[in-house]
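Q: Chains as they are written, first to last, in the numbering used here: chain C, 1 to 117; chain D, 1 to 116.
Hints are computed from structural coordinates only; laboratory data are not their basis.
Keep in mind the model is a prediction, meaning the values are calculated, not measured.
Ideal Cβ positions, reconstructed from N, Cα and C, are used throughout, including at glycine.
Not one of these hints is a red herring.
Here are the computed lysine-lysine pairs in the DSSO-like style, where the Cα-Cα straight-line distance is at most 27 Å: (1) C:18 - C:71; (2) D:70 - D:55; (3) C:65 - D:103; (4) D:73 - C:57; (5) C:57 - C:17; (6) C:18 - C:65; (7) C:71 - C:57; (8) C:17 - C:69; (9) D:103 - C:57; (10) D:70 - D:103; (11) D:103 - C:69; (12) C:71 - D:103.
Footprint (simulated), chain C over chain D, 3 or more residues, beta carbon under 8 Å: (13) 42-50; (14) 99-111.
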Amino acid sequence: EAQVTQNPRYLITVTGKKLTVTCSQNMNHEYMSWYRQDPGLGLRQIYYSMNVEVTDKGDVPEGYKVSRKEKRNFPLILESPSPNQTSLYFCASSLTLRREGHRGEQFFGPGTRLTVL
Amino acid sequence: AQTVTQSQPEMSVQEAETVTLSCTYDTSESDYYLFWYKQPPSRQMILVIRQEAYKQQNATENRFSVNFQKAAKSFSLKISDSQLGDAAMYFCAYRILYFGNEKLTFGTGTRLTIIP
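If we strip away everything but chain C, and leave its shape as in the complex, we get (with noise of 0.2 Å):
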């Protein structure tokens, strides 16, 4: 089955405790992205990978690191969480727009429920 798979899917952790959430897709995508989502704020790009060793800043990259290592994972590090980062976070992955066949849409990941205390 094609799909996203994110762990854990619920954290609760305390200030300063470096975390790392993992994203995995099977699906062969280039292009992999996290987001936050805030209420009132809808779904905001923290950090996306057009492809291997290839990534960048979306529009709330502070706090958070990301590697891509591997085509299929893209894991979002928190060095040092704060209680502002207290989210759910989703992780996509999708063709990129060059690609042939590609139909522009992400697919989803289920989300992780994180709370910072």
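Using the hints provided, position chain D relative to the given structure of chain C.
A: The following block gives chain D in isolation, referenced to the frame of chain C:
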């Protein structure tokens, strides 16, 4: 700055009636893709409909259709014969190729309630 505006934070409609959700966007690019995503209480993001900016014909998917006005930068979603399962948060979004990079920008969402 690339922006997407959904001016209706909440909407409600009687079951079986028609409702239209509005969306406007701002981009200087000429080639882009527009989307409506649905987020039910399960929080899963579900694609409802997509529109390529270079196509003049409005997209339709069963009870869902869009009114795409490129010059006005407007992309509204019409839901016909509303059903209880349509109750959700709806997000408008666009995706562009921007100086070799690709960005996806979302609106703030419209919460749709279906009245039985």
